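*Asks:* Listed below are the residues making up each chain.
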Amino acid sequence: MSDKKFLNPTPILDQLEKGPWPSFVKGFKEYAEKSKKPILRGLIDQLEYSYKTKTGYWKGGTVGVVGYGSGVISRFSMVADKIPEAREFHTVRVQPTPGFHYNTKELRKLCDAWEEHGSGIMTMHGQTGNLQFVGITEKEVQPFFDKVNEQGWDLGGAGAATRTGNSCVGPARCEMACYDTLETMFQVMGHYVDQIHRPEYPYKMKFKFSGCPNDCNNSIQRSDIATIGIWKDKIAIDQAEVKNYIQKLSKDYLVNHVAMKCPTKAIEFKGDSMIIDDSNCVRCMHCLNVMTKALSIGKQRGVTLLMGGKGHLKVGNMLGSMVVPFFKMETQEDLDNYIKLLDRIINWWADSALDHERIGETIERVGMQEFLEAAGLQPSLDMVSHPRDNPFFKAEY
Amino acid sequence: MSDKKFLNPTPILDQLEKGPWPSFVKGFKEYAEKSKKPILRGLIDQLEYSYKTKTGYWKGGTVGVVGYGSGVISRFSMVADKIPEAREFHTVRVQPTPGFHYNTKELRKLCDAWEEHGSGIMTMHGQTGNLQFVGITEKEVQPFFDKVNEQGWDLGGAGAATRTGNSCVGPARCEMACYDTLETMFQVMGHYVDQIHRPEYPYKMKFKFSGCPNDCNNSIQRSDIATIGIWKDKIAIDQAEVKNYIQKLSKDYLVNHVAMKCPTKAIEFKGDSMIIDDSNCVRCMHCLNVMTKALSIGKQRGVTLLMGGKGHLKVGNMLGSMVVPFFKMETQEDLDNYIKLLDRIINWWADSALDHERIGETIERVGMQEFLEAAGLQPSLDMVSHPRDNPFFKAEY
Amino acid sequence: MSTTTYERKWKTVESGVRNYKDSLHPVIKKNYGKWKYHERPRPGVLKHVGESGDEIFTVRAGTHRQVTVDTVRFLCDLADKYADGYLRFTVRNNVEFMTPKWANVEPLIKELESNGHPVGGTGNSISAVAHTQGWIHCDIPATDASGVNKSMMDSLFEDFVKEEMPNRVRLSTSCCEINCGGQADLAVIVQHTRPPRINHEILGSICEMPKAVARCPVAAIRPTVVNGKASLMVVEEKCVVCGACFGACPAMEINHPEHSKLAIWVGGKHSNSRTKPTNMKLVAHGLPNNPPHWPEVNKVVKKILMTYKSDAKDWERMGEWIDRIGWKKFFEKTELPFDRWMIDSYRHARVSLNKSAHVRF
Amino acid sequence: MSTTTYERKWKTVESGVRNYKDSLHPVIKKNYGKWKYHERPRPGVLKHVGESGDEIFTVRAGTHRQVTVDTVRFLCDLADKYADGYLRFTVRNNVEFMTPKWANVEPLIKELESNGHPVGGTGNSISAVAHTQGWIHCDIPATDASGVNKSMMDSLFEDFVKEEMPNRVRLSTSCCEINCGGQADLAVIVQHTRPPRINHEILGSICEMPKAVARCPVAAIRPTVVNGKASLMVVEEKCVVCGACFGACPAMEINHPEHSKLAIWVGGKHSNSRTKPTNMKLVAHGLPNNPPHWPEVNKVVKKILMTYKSDAKDWERMGEWIDRIGWKKFFEKTELPFDRWMIDSYRHARVSLNKSAHVRF
Ligand code: SRM
Ligand code: SRM
Ligand code: SRM
Ligand code: SRM
Ligand code: SF4
Ligand code: SF4
Ligand code: SF4
Ligand code: SF4
Ligand code: SF4
Ligand code: SF4
Ligand code: SF4
Ligand code: SF4
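Note that the protein sequences, when read in sequence, are chains A, B, C and D. Going by this note's numbering, the residue at position 366 of the first sequence is 366; the numbering climbs one at a time, nothing skipped. Going by this note's numbering, the residue at position 378 of the second sequence is 378; the numbering climbs one at a time, nothing skipped. Going by this note's numbering, the residue at position 3 of the third sequence is 3; the numbering climbs one at a time, nothing skipped. Going by this note's numbering, the residue at position 4 of the fourth sequence is 4; the numbering climbs one at a time, nothing skipped.
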């Protein structure tokens, strides 16, 4: 901050230094003034130019590390003639720890390596979950990778590959977690490490792991394979705590905001106690969310598997839909079996999909029936909102 | 019934003579024994044969009356070698009165003509609404038609034509009727008489008229053009009668079965009185249906136009959807304007549709936006359950 | 019957819908559009009261729809005797007599019932089945609709003459997959299971081939040459056995005495009352086409309707009841098996999938 | 930076996800999977209580997501000082510090806030915007996501640090129509209005033509020849200006400083709480792309969120609130114009139509 002269004037961007929310412009500028990295000055100049002309100036290319087909997103400036300092500005995607947990020692080491080899800008985290190191030249990519790989980190996915996984904080700090999202992500992504590094699929394949149907990981909307924790038995009720809630919030409040908002009206308040018709409960989480002290998830735990979530290209936004209502997930054996199931499903997709077709689109194209058969899954009413409303099917005869 | 010998034995059909519901077999047999019509014996023999072999034996052809391209459905027997008496067995479709109202004089005259020229079997009524005279030979068709036409009747539609209309009992005997379904059907179908008699459209075009959203005419599901009565202002409440209902049914009943079942929760019971938030009422009819004595439809009346209802070929069952939320329908001028609107819409369809494509399918293919523009209709939120959830559109720039 | 050489004397008047005004009962004419409210004094009878204070009683009775002139004349006799010479029919093929005289109601009911026309079908009853032509007249049926209808109503008779269902119940039955009977709370419809056999002998001479090809919803029909003659073939893996081609081309024989089965659909609703109209959904298929009583079908029909009757709340239509309890419970309670064919695979299949973690155990 | 000729000494270990066990706070390790309940002592702070009776307090604070190593180091300093050397990030780019000591909470908050990291984003607040790369890194953006994000959060700041919304509010913003930011209660996304201009000069050399053709959702791209060279053309009537082709072929220039606009979408929901997850819906479009403050966009964003804030009931998410009041009232209350572009015209458009006579006047 001492020598303001390192950076060129950026009157438009400067306007984003003000205001109460943390300013990326301020962050960039401060670090640039301190580090005096030309690549950073180049970035800031180009960004100012983008803000002025309302146009982006990056184009793609191919940059990578030895042996990997993905993990680096390469960018070359289209205005390098005007602003040469950020001519190259690649991003290195690094798989984060599950639940984004860090100790400061390892994180500082990452910062040091990045300061040495790159721009010093990092995205914590990308929307898919990667720890993204933004702004590096081609020649620095391999040395940077080698350093972080030695620290125990590995690159994430890009292109037609398995992508970096993402898990909610789960059992680490959440009483709703029905399975170990961290360990499951760790092992599942470990199993697919080859598919992350070498894109060989028809298109991208994303995994997200949410410990319960609150889906803090947006898995239904944003991942091809959504693994969501769930329980089979009853919600545990602590009636003494129910009483406390009645005292604190009033019975009317609980009737209007818990019972009435239960999607299947499975809840009744009788006198001072709460009755849940568990056979009618659809595990929406709402009552547990409101009455955290009185209610807890059941003991018979596992996951439900939803598939097909993704953005709108080309078929309109797709939300994942249930293909396995319940899969026990308590032991290592359960997890091994789950991975076997995923393999079966993904192999089917890899064989059946058209180019650039994500698994939800493939299932939509061939029909859920055919998919279930191919994956060896039992059809069940849990997979549908309602049975079919048209007669266009050919049953056995 | 005296001389059982006219008919051949029909052991299978005979089983349908028993049971409490009116038996068509009994009806046919009795009339056959009395009338001794060979065509009827032929029909009954063929029907017995169908029941035995679980197979139908009619095939189509072309039979009609002079000047008309539709109105007669021709049938020739495929087993005329075995059962020659019903070799020809055509059906004459006659447009009924709106609301299916008859006086016995005219109805008896129809029976007499039919007895003279045909089998004596009639369908009261076909699912589209026709008074169907079932079973006649080609040579009798014209004489029969001339006779009924002289009595004031005309043929109904078939094929790629405007079809026979259908209206609910409406203002004739229903307090819910928001417009004159009978007169409207009378005039609209009158306007399209040419299109009923001479199929010139891409495909069939059905009209149904229901006096209110109870839709006793199944217009949303079963017609291309559904004209449904509706009001714009407030539901009239007779609070004295509300009190009576509370006394008779209990307030709990009304809360649970009226207020709670109101789709938008627009109803509140306060003390002895009932409050309706009319700006939130979606005119579903439920409260009016339950509390007929206390509630009545508003005074500012008209119709809402839904389009596109039809069976599942080829696109899956289609329910009509709202294209005109409110069209005043009180005067003859209103009705004339309504017919003009229908003309505009139908002409657009006739020009734009592919072969065998009903209007709902055409709208689906070109998009509601394009249809609205072509028909000169204003887009409105009433036409949708929700705005679009995908970004695939090109607005003006 | 008339003479063989017919000389036309009448010049056609394209008169369209017949003028209906002389078909309206005078009390109706007087109170036209000015009715105030109605009540149901008993099953099968409506009482409408006009703003004028006038009352009219309606007696509703079942018919066989496929009637004869003699039946119609009998109904005319009753109308003359009890209803001032007027009668009407409903969209569900029931007949209605209207009289301003309460005293006429009971004798009329008696006479109807003793002649086999049950009085009922009003309010929360099971009204008559909307049905179709079947083997009596249509050229493409795989079963008979009048017979299915008769066997259904025989089995459900008590609930036509009483008002003990949760809400009104609408049934339909159709004799081929095209479903002219329309959707309903519960519908019994032909469901084919086997692609059409092609009668190549006659196809070329009786079918407009491009029309048949165009009719197929899944583009499964292709031109081919058989014994040197142009004909059509069906790509069997694609074919969804809908039978649409048969309507356009009778040489594409979809019907089969054994392999054309019956399916049951529930939850169709047309009224806007409370919930929006809904399409019905498949809940049973592969049921044998077993005339003249279709016992396998009627067993399932009755089971579904009686489960609904005992389980649903007042005013809940079939589909609304199922929405509340969930499809899983519906299948449990009705003891029907759910199978993969019931999962939609057609154009908008996505809409029917469970795009959530909501699940019942 | 390192030397120009780099000699590799390290042999790659395809280690996948880093082992996380040494990244967990000891109290977390001890109570792993054995938490009992949580409370929120104040906005931005969570208290989780284990079955063991152990407590852990979480302090959540906003970051700029596009941080620098210095910011990360600063956060590490705080973690060392107050949280035993551990920290984590949330899926919405907030940072979280966990400590078993309640006494650490207030000083930590103070230090965060005085260094520009607002504490909040918990419970029924507006949490940080999920956003994307924008002009900082992506090759196809029409706007900058970090800037839109900053301007949105500046304007909504009070509702990040307080818990006064009806329920938690999730926002996102994306720098092109592809929407890497995902769906949300409210999303601001680029919406193009003009078909791509084709840069025929470079197309042949930089694009794999079949890939570009295949990318179009409406098959609007066709091969053509320009100046004797193979190139591509766009059938403009078909084109729905999605920009998907630009991702595959940079010569199909979809971006435009004026004609690439911003659109606002509402009602996306991912949780299964109460209602099933839902896609968000279009409620405003054609808003100018106006850096660095996007005032026109933020005015609408604020109007919508404040209307929701004052009108919705406890626990109602944006989409649930709109479901209750109806879309008509939503547009009325937010004073937004509804236009024909908001009526769906894409593949499943039918699903969004009002297939009923339900109507509000
Ligand atoms: C970096 C990131 C945005 C961010 O700043 O966080 C991003 C950036 C890009 N996304 Fe994305 N997507 C990112 C998360 C997402 C997400 C969210 C998620 O994963 O949870 C989605 C929605 C979910 C989904 O997968 O559908 C997403 C949906 C897309 C799509 C549309 C896919 C679709 O089927 O609709 C594309 C286009 C495509 O794949 O052709 C795309 C394509 C791209 C490309 C590769 C555009 C391109 O062709 O060059 C972007 C590269 C940007 C760059 O320069 O780094 N990106 N993209 C996110 C990845 C960071 C990470 O790895 O952690
Ligand atoms: C930390 C985080 C998980 C993580 O691994 O990073 C998290 C943590 C918790 N979430 Fe979440 N959620 C987190 C992202 C999400 C997301 C995804 C997102 O924000 O992108 C969702 C889905 C949003 C959606 O539906 O679109 C999400 C939907 C919920 C819900 C359901 C809310 C609802 O009613 O619809 C709950 C339940 C509740 O509110 O009590 C919940 C509840 C919780 C609880 C209370 C769970 C617990 O018992 O500990 C956690 C404390 C939250 C708080 O802020 O009060 N969490 N939660 C995420 C914090 C994001 C942030 O910084 O703001
Ligand atoms: C006579 C008839 C109209 C006609 O022009 O023929 C008619 C007449 C009445 N209907 Fe209807 N409806 C008639 C067919 C229908 C149909 C169509 C059908 O049956 O094919 C429907 C739509 C069914 C559907 O949703 O699939 C229909 C849905 C209703 C409803 C809404 C029921 C609901 O809650 O969903 C009401 C309201 C009610 O029940 O009070 C109603 C109410 C009435 C009222 C009470 C209206 C009135 O105030 O007079 C009439 C006396 C009905 C009674 O049975 O208690 N009518 N009504 C039809 C008699 C059919 C029959 O013989 O059974
Ligand atoms: C007679 C009747 C059944 C009955 O016994 O009541 C009937 C009979 C036939 N219908 Fe129908 N439909 C009849 C009402 C309906 C209805 C109900 C309605 O109109 O309310 C529907 C459902 C609504 C609709 O229009 O979609 C209906 C949907 C069909 C369809 C399927 C249309 C679709 O798009 O899904 C076909 C097949 C076609 O059009 O290609 C069809 C075709 C036929 C044909 C013409 C089959 C054929 O190709 O030979 C039948 C002639 C039968 C005959 O021998 O008389 N019929 N048909 C009904 C007409 C009587 C009348 O005019 O009053
Ligand atoms: S998804 Fe469930 S388990 Fe995971 S953090 Fe959210 S509430 Fe907790
Ligand atoms: S978890 Fe949801 S569905 Fe189950 S009882 Fe609670 S509120 Fe109802
Ligand atoms: S549709 Fe309405 S007006 Fe017509 S008969 Fe039914 S309830 Fe009466
Ligand atoms: S008509 Fe329907 S929407 Fe209107 S107040 Fe009555 S029950 Fe509610
Ligand atoms: S359902 Fe089929 S077989 Fe029956 S009348 Fe209609 S078209 Fe003919
Ligand atoms: S039965 Fe249906 S799907 Fe099969 S070929 Fe015929 S029209 Fe096509
Ligand atoms: S939204 Fe578009 S421009 Fe922004 S990061 Fe994603 S692909 Fe790139
Ligand atoms: S912008 Fe979209 S619709 Fe238009 S040509 Fe490109 S990919 Fe096709």
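I should point out that these hints are in silico values taken from the structure, not numbers from a laboratory. Predicted model only: the values in this text are computed from it and were never measured. Keep in mind that a hint or two might mislead.
Unchecked claim - SDA-like mimics (lysine to any residue), calculated; alpha carbons at most 25 Å apart, straight line: (1) B/Lys270 / A/Leu110; (2) D/Lys276 / C/Tyr346; (3) C/Lys333 / A/Tyr253; (4) A/Lys293 / D/Lys34; (5) B/Lys36 / B/Gly67; (6) B/Lys204 / B/Lys36; (7) A/Lys265 / C/Ile325; (8) A/Lys54 / D/Ala248; (9) C/Lys333 / A/Cys262; (10) B/Lys314 / A/Ala395; (11) C/Lys299 / B/Lys36; (12) D/Lys309 / A/Val290; (13) A/Lys293 / D/His38; (14) B/Lys26 / B/Thr137; (15) B/Lys82 / C/Trp315; (16) A/Lys265 / C/Trp315; (17) D/Lys21 / A/Thr137; (18) A/Lys234 / A/Tyr253; (19) B/Lys270 / A/His257; (20) C/Lys238 / A/Pro379; (21) B/Lys204 / C/Asp139; (22) A/Lys293 / A/Gly367; (23) B/Lys270 / A/Tyr253; (24) A/Lys394 / A/Thr331; (25) D/Lys276 / A/Lys37.
Unchecked claim - Computed footprint of chain D on chain C, listed as stretches where at least three residues anywhere in the stretch have a Cβ under 8 Å from a Cβ of chain D: (26) 52-58; (27) 272-286.
By construction, the Cβ of each residue, glycine as well, lies at the ideal position given by its N, Cα and C atoms.
*Asks:* Does each hint hold? Answer for all of them.
*Replies:* How the hints compare with the structure:
1. B/Lys270 / A/Leu110: violated, 66 Å
2. D/Lys276 / C/Tyr346: holds, 23 Å
3. C/Lys333 / A/Tyr253: violated, 34 Å
4. A/Lys293 / D/Lys34: At roughly 14 Å apart (the allowed maximum being 25 Å), lysine 34 of chain D and lysine 293 of chain A satisfy the hint.
5. B/Lys36 / B/Gly67: Given that 25 Å is the threshold and the Cα spacing comes to 33 Å, the pair is violated.
6. B/Lys204 / B/Lys36: violated, 38 Å
7. A/Lys265 / C/Ile325: holds, 10 Å
8. A/Lys54 / D/Ala248: holds, 21 Å
9. C/Lys333 / A/Cys262: Holds, at about 22 Å.
10. B/Lys314 / A/Ala395: holds, 19 Å
11. C/Lys299 / B/Lys36: With a Cα-Cα distance of about 38 Å, the restraint between lysine 299 of chain C and lysine 36 of chain B is violated, given a limit of 25 Å.
12. D/Lys309 / A/Val290: holds, 19 Å
13. A/Lys293 / D/His38: With Cα atoms ~7 Å apart, lysine 293 of chain A and histidine 38 of chain D stay inside 25 Å; holds.
14. B/Lys26 / B/Thr137: holds, 23 Å
15. B/Lys82 / C/Trp315: Measuring from Cα to Cα gives roughly 52 Å; hence the hint is violated.
16. A/Lys265 / C/Trp315: Distance of about 18 Å is within 25 Å: holds.
17. D/Lys21 / A/Thr137: violated, 33 Å
18. A/Lys234 / A/Tyr253: holds, 24 Å
19. B/Lys270 / A/His257: This hinted pair holds, its Cα atoms lying about 21 Å apart.
20. C/Lys238 / A/Pro379: holds, 21 Å
21. B/Lys204 / C/Asp139: Holds. Lysine 204 of chain B to aspartate 139 of chain C sits at ~18 Å (cutoff 25 Å).
22. A/Lys293 / A/Gly367: violated, 43 Å
23. B/Lys270 / A/Tyr253: holds, 20 Å
24. A/Lys394 / A/Thr331: Given pair lysine 394 of chain A, threonine 331 of chain A is violated - Cα atoms ~41 Å apart, limit 25 Å.
25. D/Lys276 / A/Lys37: violated, 49 Å
26. 52-58: It is violated, with 0 qualifying residues against the three required.
27. 272-286: It holds: at least three residues are needed, and the region 272-286 of chain C offers 3 whose Cβ sits within less than 8 Å of chain D.
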